[in-house]
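Residue numbers (the numbering used here), protein chains in the order written: chain C, 2 to 129; chain F, 255 to 619.
In short, the hints are calculated from the structure, not lab data.
Positions of the beta carbon are idealized from the N, C-alpha and C atoms, including for glycine.
Don't take every hint at face value.
Stated by the list, open to error - Chain F regions said to be covered by chain C (calculated; three or more residues, Cβ under 8 Å):
(1) 463–471
(2) 562–574
Stated by the list, open to error - Computed footprint of chain F on chain C, listed as stretches where at least three residues anywhere in the stretch have a Cβ under 8 Å from a Cβ of chain F:
(3) 72–85
(4) 116–127
Said to hold, decoys possible - Computed cross-link-like contacts, SDA-like style, restricted to lysine to any residue with a CA-CA straight-line distance of at most 20 Å:
(5) Lys270(F) / Ala67(C)
(6) Lys576(F) / Leu37(C)
(7) Lys564(F) / Ala67(C)
(8) Lys266(F) / His35(C)
(9) Lys576(F) / His32(C)
(10) Lys576(F) / Glu87(C)
(11) Lys270(F) / Ala66(C)
(12) Lys576(F) / Lys18(C)
(13) Lys270(F) / Glu87(C)
(14) Lys270(F) / His35(C)
(15) Lys18(C) / Leu91(C)
(16) Lys270(F) / Ala33(C)
(17) Lys270(F) / Asn21(C)
(18) Lys576(F) / Tyr68(C)
(19) Lys344(F) / Lys576(F)
(20) Lys576(F) / Arg86(C)
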Amino acid sequence: MNIPDELQYTKTHEWVKKINGNEVSIGITDHAQHQLQDIVYVELPSIGRELKMGAPCAVVESVKAAYDIYAPLSGKVTKINQELRESPQLINEDPYGKGWFLHIEISNPNELADILSPGQYRAASESE
Amino acid sequence: MKKTPLYESHLKYHAKMVSFHNYLMPIQYDSIINEHLLVRKNAGIFDISHMGKFEISGDDALSFVQQVITNDAASLSEKQALYSPLCNEKGGIIDDIIVYKMNRNTFLFIVNCANTEKDLVWLTEQAKPYRSMKLKNVTDEMSIIALQGPSALQMLKNTLETDFKYLKRFCFDDFFLDDLSMIISRTGYTGEDGVEILVDATYALRLWDLFLKKNEAKGLRPVGLGARNTLRLEACFLLYGNDMDETVTPLETLIDWTVKFDKDSFVGKESLLEQKAGGVKHKIIGFEMLDQGIPRHDYPVMKKGEKIGKVTSGTFNPTTRKGIGLARVTAQHAMAGEEIQIQIRDNYHEARIVKTPFYKRESKK
């Protein structure tokens with residue numbers, strides 16, 4: 002399982018990367034993209050939307066079905082990955098790089114304490 | 255949870271196994287897109303042993319079959335098959351099945367896995383007035399392997415050293431490979447040329463392995479239920495439980511041609527005649543998305559802000575890389591070319607009703 006050390010995670014298989022100040026980048030993990038396979042469509046929120054930790058914020062679709070992606074942290078959407086519209090397969094090909102979903106300006110830094118370290122995420126997904 | 259005789263082989267091919275109506279079945283081995291395209295371009299092999307199978311035999315077999323199906327089995331030759339709904343008294347579809355005429359007084363029904371128990375209860379009840387007839391559930395005794403794709407007949411020949419091109423569509427024949435007996439049937443659920451092979455469950459793995467061994471170099475791979483669904487949808491074959499159920503009659507679907515009113519009697523005839531005279535209120539149509547949205551079962555179908563129906567089946571079509579689907583809409587809107595919208599979560603996505611099927615293989619002379 003590819004779980005980069007420099008990221009943080011959620012039990013629902015999203016990753017979080019600190020960019021600068023209160024801004025984070027998010028996406029889905031290698032484990033998640035592998036489970037979904039064949040990602041063919043992504044629906045992202047609009048810039049400026051307020052997200053609530055744990056609430057659905059995006060949808061990815063494989064050939065078979067649609068799946069909700071949950072906001073790992075609360076905050077405002079500042080940027081979305083427009084490339085996913087034309088090339089949703091980037092999520093399969095490069096989940097931690099070109100397959101990023103969006104940036105959030107987090108509104109409650111205390112929530113950072115609730116997300117998982119790489120070790121905790123590994124333990125959580127292996128016991129699934 | 256039940257397993258088919260090919261279960262171990264699915265694991266060997268790294269299948270992702272899912273629970274499918276009480277069976278552990280392979281949903282995909284590689285990717286659904288690759289498996290779909292493989293069947294369109296070359297050939298794939300499917301385990302469909304989970305399908306229900308009933309043997310109907312005896313002097314009354316034909317009259318019984320004629321009574322429970324809406325299609326006409328009287329015109330079938332021996333070793334010929336047909337597709338038909340089973341309807342209830344109201345004309346609602348209990349199941350859609352393939353009827354094989356094995357010989358003068360023996361028929362085999364291949365039914366949907368999800369409906370096996372229900373059908374058995376229904377057919378047992380319907381069989382009561384027929385004295386000289388036996389209905390037997392042979393589901394567990396028989397496996398079915400489907401070999402589908404433009405190269406399927408060639409691969410079949412490579413494996414069995416016999417050319418089955420003489421079999422017309424919906425015809426079948428017995429075949430023996432040493433001690434291994436099987437039925438080769440030119441049928442399928444993919445819209446592609448190919449065969450379905452009925453074989454004793456104890457020999458299924460041997461035959462499956464043989465096909466893969468003899469044709470792996472030619473590209474043959476196992477294909478899962480995920481691609482089976484996208485293939486059937488692209489070819490516009492209906493799926494029971496999605497596109498039809500007991501609240502829907504064959505006249506409201508794409509299979510109105512399977513109702514043969516010329517027959518003396520069959521269950522549901524009166525109701526269906528009445529519906530035919532009054533006209534149907536709903537129709538199943540095929541549509542194509544005009545943007546990137548992917549339609550799914552139960553999504554609302556809209557026209558000028560009004561709901562005109564529901565998506566019954568939808569998917570991303572690997573061949574055209576567009577969303578396609580079947581929907582049940584009010585009959586007045588069931589016209590090719592009509593612009594509609596599909597509600598996907600909170601948004602309306604543009605779509606157009608198109609002629610079905612979405613895919614038709616080129617017929618070879």
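Hints numbered earlier in the text: which of these fail when held up against the supplied structure? 1, 3, 4, 9, 12, 13, 17, 19
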